[in-house]
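A.B. asks: Chain by chain, the residues:
Number of protein chains: 2
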Amino acid sequence: MINKLLIVGCGLIGSSILKKVCKKKIAKKILVFEKSKKNQRILKRLKLKFQLIKKMDKKISECDFIIICTPLSEYKKIFLACNKYSKKNILITDVGSAKRDSITKINRIKRKDINWISSHPIAGSEVSGPLNGNQNLFVNKWSVIIKQKKSQTKEMKKILKFWKLLGSKTVTMDADEHDKIFAITSHLPHLIAYNLILTATNFKISNKDKVLKFSAGGLRDFSRIAASNEIMWRDIFFNNKSNMLKVIDLFIKNLKVFKRDIKSNKKNLGTKLRNLKKVRQKIVLLKQDTSKPDFGRT
Amino acid sequence: MINKLLIVGCGLIGSSILKKVCKKKIAKKILVFEKSKKNQRILKRLKLKFQLIKKMDKKISECDFIIICTPLSEYKKIFLACNKYSKKNILITDVGSAKRDSITKINRIKRKDINWISSHPIAGSEVSGPLNGNQNLFVNKWSVIIKQKKSQTKEMKKILKFWKLLGSKTVTMDADEHDKIFAITSHLPHLIAYNLILTATNFKISNKDKVLKFSAGGLRDFSRIAASNEIMWRDIFFNNKSNMLKVIDLFIKNLKVFKRDIKSNKKNLGTKLRNLKKVRQKIVLLKQDTSKPDFGRT
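Heads up: the sequence lines are chains A and B, in that order. If you're matching positions, the first sequence starts at 36 in the working numbering and goes up one per residue. If you're matching positions, the second sequence starts at 36 in the working numbering and goes up one per residue.
Some clues are possibly wrong.
Lysine-lysine pairs mimicking DSSO-like chemistry, simulated, CA-CA at most 30 angstroms apart [said to hold, decoys possible]:
1. B:59 to B:140
2. B:243 to A:313
3. B:302 to A:145
4. B:70 to B:60
5. B:243 to A:184
If you want the footprint, here are the derived chain A segments under chain B, 3+ residues with CB under 8 angstroms [what the hints assert, rightly or not]:
6. 59-67
7. 241-253
8. 267-280
If you only want the chain B side, here are some residues facing chain A, beta carbon under 7 angstroms, derived [to be verified]:
9. 164
10. 216
11. 224
12. 234
13. 248
14. 252
15. 256
16. 269
17. 286
18. 294
19. 312
20. 326
Bear in mind the hints are in silico, worked out from the structure with no lab data behind them. Even glycine gets a Cβ: it sits at the ideal position worked out from N, Cα and C.
Isolated chain A, as found in the complex:
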């Protein structure tokens, strides 16, 4: 399908793509750009057939498909290199988690003939780097493909096919809708997890060690999400700012009502909690999580 593929950034997501593309022979030739020396060393040990490049220069000029797997703050630099070196009508996608602002910014600077159709695979983990890459990371996971006015059907089909080859279920939506949905399903949960860990570390308590020692009662779950890559998440929060500010305000408003309920021993608090409980069953029914109690971890 692909003649010459370039993967830009080869952390968890990039290396998972690399492994699957090699396994399924989706591209005739693969180039990987990775700037971290540590990751370069790990990639060399993978014994996969690809060419590691340490600069985005004329070596990329033969590529016909580029997938960007870096934090959002790297995109500008990458597109400027693509403007300079990539061939005409190149197809570019990415895996970023926040869309509208980044698309607006990049559309302003990218070469007009570059076809950029943005993607977002709903896959990831608290671990990073190519050592943790997994060829099955995308299997049965959703990949969202962003519709833009200028998205040509032909190019859109190619992107959809690419994600399906990696094992994903695909869905299209526009950037505004995407950013709204993921503000509430992913970006706010991550911020809340970081904030809970922060609150646990700055809560005044005589024996701080005991907080982590007895974290199995709930805190440990949040620590997993709060162990996610900090640059990626900083960039997501900044690039979905308007939705983030809205969902934070709503979260605080709701939390203040809970505070009042607790303060006044509100009689129907049990009913309120019981209604919220039902959401879990729906998520499990939609196959978005395991049905095993405690995630099956014990």
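Starting from the known structure of chain A, fit chain B onto it as the hints suggest.
C.D. replies: Frame of chain A; chain B shown alone:
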């Protein structure tokens, strides 16, 4: 060790104790009080050797050890029955998650000769009921035993031994310290999970279905904790009110700082997130969670 044991309330925790006590023959005779008809039916099918009682009456008068496994709001009724029917110098423990207020309230009404030493096993799950009981629920988990001025060494030793027989590691602390630690490690995380699910359900979005459909990016984790038993958690929030109000305020204060950081594209937000990330490794080192990425669920 125990002559005649009474388990009051036989949901997830009570039935897990029942199964282990039967398996390890920790008591010569076991009585189980369970008021839910559904749970009574399930218990009868368990094929374990115990006597099911449907009333706390003179049938309990021969018991020498009682363990209360009900929501905190049931305690008063249970102790009034114990006052009336239990034999002299009976030893009672419980498994409640909030201590100071409930101990104060019960000490006011309980018969003076009743030895009550409160416990809190750090074990549980989002599933409830005797169908989900598991004899290994307490193995290698912490059980906290509450020290009171009047806790007699002899009785305290019995309680510690009981939890060790169930497989727990034991630790003692006073009620104030307990409630402070678990406000931040367990009670706040549960409230925050409920509040996040509430926020996801009342966030204005055109296609509500998509929120749960794409919940794998973070929200699903919170839905597990927010699926916990509503009566148990309502009672915990009410019975650890003073600490809850404090940790909620601190959480909101910290979240407002995060909001400012995001609003202003604060440069060092990445550093702040990186520092919070380290907590996960400590929790895993303390063996309070699995080291497998994504809890090993995929």
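A.B. asks: Work down the list of hints and note, for each, if the structure agrees.
C.D. replies: Comparing the hints with the structure gives:
1. B:59 to B:140: violated (34 angstroms)
2. B:243 to A:313: holds (15 angstroms)
3. B:302 to A:145: The hint holds at about 26 angstroms.
4. B:70 to B:60: holds (25 angstroms)
5. B:243 to A:184: holds (24 angstroms)
6. 59-67: violated (count 0)
7. 241-253: holds (count 11)
8. 267-280: Coverage by chain B holds here, the residue count being 7 at a Cβ distance below 8 angstroms.
9. 164: Since the shortest Cβ distance to chain A is 11 angstroms, the answer is violated.
10. 216: holds (5 angstroms)
11. 224: holds (3 angstroms)
12. 234: Holds. Min distance 5 angstroms.
13. 248: holds (6 angstroms)
14. 252: holds (3 angstroms)
15. 256: holds (6 angstroms)
16. 269: Result: holds, 4 angstroms to nearest chain A Cβ.
17. 286: Holds - the Cβ of residue 286 of chain B comes within 7 angstroms of chain A, reaching about 5 angstroms at its closest.
18. 294: holds (5 angstroms)
19. 312: holds (5 angstroms)
20. 326: violated (10 angstroms)
Consistency with the previously given hints fails for numbers 1, 6, 9, 20, ordered from lowest to highest.
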